[in-house]
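Q: Taken in order, the sequence shown gives residues 1 to 270; the numbers are from UniProt numbering.
These aren't lab readings, by the way, just hints derived from the structure by calculation. All the given hints hold, so there is nothing to weed out.
Each computed DSBU-like pair below joins lysine-lysine, with the alpha-carbon atoms no more than 35 Å apart:
hint : residue 1 : residue 2
1    : K127      : K177
2    : K226      : K192
3    : K226      : K177
4    : K132      : K226
5    : K192      : K177
6    : K127      : K226
7    : K132      : K177
8    : K132      : K192
9    : K127      : K192
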Amino acid sequence: MCAAFTTARERNGLRAFVREEFRPGAGRTRFRLSGGEFLAVRQKRRGALRRALVLAVATAAVACGHPASARAGEPFPSLGVPSQLRAETPGSPQGAPAPLYGPPGRPAGPPAVPPTTREAIIGRAEKWIRAKVPYAMSGYWSDGYRQDCSGFVSMAWNLDRSEWTGSLTSVAERISKDQLEPGDILLFHNAKDPENGSHVTLFGGWTDSSRTRYTAYEQTRPATRKQATPYAYWTNSAQFLPYRYRGLAEGGGRNADGYPGRETWRRLFS
1 MCAAFTTARE RNGLRAFVRE EFRPGAGRTR FRLSGGEFLA VRQKRRGALR RALVLAVATA
61 AVACGHPASA RAGEPFPSLG VPSQLRAETP GSPQGAPAPL YGPPGRPAGP PAVPPTTREA
121 IIGRAEKWIR AKVPYAMSGY WSDGYRQDCS GFVSMAWNLD RSEWTGSLTS VAERISKDQL
181 EPGDILLFHN AKDPENGSHV TLFGGWTDSS RTRYTAYEQT RPATRKQATP YAYWTNSAQF
241 LPYRYRGLAE GGGRNADGYP GRETWRRLFS
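Please model the complete structure; the sequences and the hints are all you need to start from.
A: Structure below.
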């Protein structure tokens with residue numbers, strides 16, 4: 001048995017005539033409105049659905065919140081990149097030029113070019129290798145340098161502040177592959193995405209006579225590393241260019257296959 005009657009209802013501010021059909025025991029009422037129809041669940045069910053919706057919205061709001069920032073000195077969490085690819089690519093966004101220890105504001109004026117030697121450059125790089133300094137784009141190590149790729153090179157070159165890939169060339173000069181020696185760098189500055197697409201490594205010497213691989217010192221996730229690397233890099237190889245620090249006290253020197261003290265350095269740090 002079905003009871004039907006017509007009444008007027010408000011919908012979206014408009015008054016419309018609605019035909020209602022009530023079926024006893026069916027637990028629902030069927031409405032017809034403007035040729036369409038929809039089912040209205042019982043008040044009890046509507047309340048349950050409303051509570052479920054509120055809970056779902058609250059859960060989503062918590063899940064979409066910003067993650068807590070990594071503290072200085074802590075490596076960024078892995079994003080599930082396969083280990084082999086993660087070992088070959090930097091994934092190392094970098095910060096902007098900053099004073100030592102990173103106070104607010106950018107340093108004014110051109111960077112200083114303090115004198116140093118190749119042995120001193122490699123020696124400073126080895127300190128970070130031994131300390132396993134964690135990668136952190138906004139973190140600063142105990143020596144004051146930013147813990148990203150360009151901060152690492154700034155530290156090795158003993159600069160008075162942390163530079164970035166877009167400014168390291170102001171204290172360096174372009175050289176050729178054949179001129180590379182320990183303490184030089186291989187630099188890729190991506191002008192389209194400078195903070196996330198750029199990288200720089202410190203050249204530590206050739207690992208084979210064919211000069212197809214070299215020892216690269218670099219700051220990348222999860223921490224400072226030293227390893228044999230294909231020339232010029234694992235990815236974007238053609239974009240990496242060799243540079244030499246202008247403050248070298250020893251001048252041009254010899255090539256990387258025969259620089260003074262090479263065998264001693266190899267015994268100590270290889």
